[in-house]
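Note that the protein sequences, when read in sequence, are chains A and B. For the first sequence, counting from 1, position 146 maps to 146 in our numbering; every step adds exactly one. For the second sequence, counting from 1, position 106 maps to 106 in our numbering; every step adds exactly one.
Bear in mind the hints are in silico, worked out from the structure with no lab data behind them. The structure presented is a predicted model; accordingly, all values stated were derived computationally and were not measured. A hint or two may mislead.
Computed far set for chain B versus chain A, every beta-carbon distance over 12 Å [what the hints assert, rightly or not]:
hint : residue
1    : GLY46
2    : SER65
3    : ILE69
4    : GLN95
5    : ARG106
6    : GLU123
Which bits of chain A does chain B cover? Going by a derived footprint, with three or more residues having C-beta under 8 Å, they are [unchecked claim]:
hint : region
7    : 115 to 123
8    : 132 to 140
Note that the Cβ used here is the ideal one computed from N, Cα and C, for glycine as well.
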Amino acid sequence: MDYSPLWISLRTACVATVFSVALGLVAAYYAVRLGRVLKGLVDGILTLPIILPPTVCGYFLLLFFGVSGPGGRLFEALFHERVVFSWYAPIISATVVAFPLFYRTMRGAFEEFDRTLIHSGQTLGLSGAFIFWRVILPNCRPSLVAGTVLAFARALGEFGATIMLAGNIPGKTTTISIAVYSAMAAGQTELAKKWVLIDLAISFAAMLIMNFAGGGARRRDTGVAR
Amino acid sequence: MALDIDIIKRLPGFTLRVRLKAGDEIVGLLGASGSGKSMTLRCIAGIETPDEGVIILNGRPLFDSERKINLPPRRRKTGYLFQSAALFPNMTVEQNILCVLKGKTREEKRRAVEGVLSRMGLENLGKRYPSELSGGQKQRAALARILVTQPDIIMLDEPFSALDTYLRWQLEQELAAVLRDFTGTSLFVSHNRDEVYRLCDSIAVLSGGQIAASGDKWEIFNNPQSHSACLLTGCKNITPARQTGGLSIAATDWGVTLQAAALPPEPVRYAGIRAHDIAFADSPALPNTFPYELVEEMRDTFSYIFMVRLSPNARPLRLEMSREQYRALGRLPPYVQLPPEKLLLLTRD
């Protein structure tokens, strides 16, 4: 059995989660500070990928990153490589569909965040960076964990947009979800079942790890003296 | 060392126009909720930006709309004690204090933290998280965190509002001690005249976004000058009034004409008298002595309250006395007297 879909899936999901978290934090942080109209607009655009069917998303990605698309041309000029069917195409499509889940979760957390904590930090002379990393983020930990889990799960299960942009090239772009599909299509039900079990195991493990990471913050909030 | 503010900020409901000078003293900002007290503090701290004006602290311009100066909050050195204490919930008391200390060695930091914790009576609570502290302890920890930053001004925004009566009193005494030791200006915001009266040296009364009166606290209480200052200093009896020649003043709502001891330079628009300053009298010999109709008699925790009407259909006045005074009185005398020197003559809204 060729295990490459496992590595490709893990690589894709992990890198896409990192990108989603990084971009999502920046986007959510600034979106909260926008005016109402602009915020609605930005919000709509950034959330679109989870509302559109993944294949439609993939269609737009193909337009953008195709040989004649602006993204594709920029990429070719910079790295002398084509995006479509490359090994990082699955990462791009997974990031695009996973990002909104993290962004939405964090935006909600930032919006509800107690502004007096920020103001008190400022009047005490703390820098914006300190307030963000040491005050805002730690106190948004449950949302941070929830958003990361959601983004990881979505990235791991990505199929529609990936098949459009990255195709099904074994050892290069075939992820577990695509492997399950092609195994079933070829009538290899035993192989499909193996991939399904592996996927279940990864998803479950990821959830456990994240829940464990998110649990630490809760003890302090209960107010029970230790 | 002083604070000098002259700002205008337009808000949805009203326009805030605050002009205030304060030296190294404790200034009470007294006002009803929504009068612009907190907004004034927020403008000084830089959390809100005024539309126009200047804010100067110890000779340092924090804000100047004409010279385009607007220091960010973290460069203003303004200590701001929030109603909610605003301690960082993810850090212990010690960590909360440590994180605002900058440019010191580890040993210096440790000593600074120990010093301020013992000064605020929090020696054994350094390792606790804010959620494990009582309301008063939170406020003390927040004040400790402010003190170690050595601010040029300390601003307290209704620090007792979340506490019950007993803790309130305890914290008030601790706070008073800290503020007395502090060498700069302190601004204390409250809607409670007793707190302000006990803690502060001078008072500024805010009403509808404007400073209605300001100055020495005795002066404000004895001669509030404006209707809103009179109300906020706790005067229960106020009536529209007009001068009718000589020292006579017609007290419209009470249905009587009063004799004043002296008249203010501007025309009198309202007259007031504190509930404790009205006295019962056996004969109508003294000025401003009237027969009355007793509308209601109430017993308060430590005092008696009488609602008395000086003429038919007029608004009743509130008269208060202690239980001892009431017992000494025996039966209720037939007259009440409003001593001329106790009348508060108000010339402004």
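Against the structure, the hints:
no.	hint	verdict
1	GLY46	violated, 7 Å
2	SER65	holds, 21 Å
3	ILE69	holds, 17 Å
4	GLN95	violated, 9 Å
5	ARG106	holds, 18 Å
6	GLU123	holds, 16 Å
7	115 to 123	holds (count 7)
8	132 to 140	holds (count 4)
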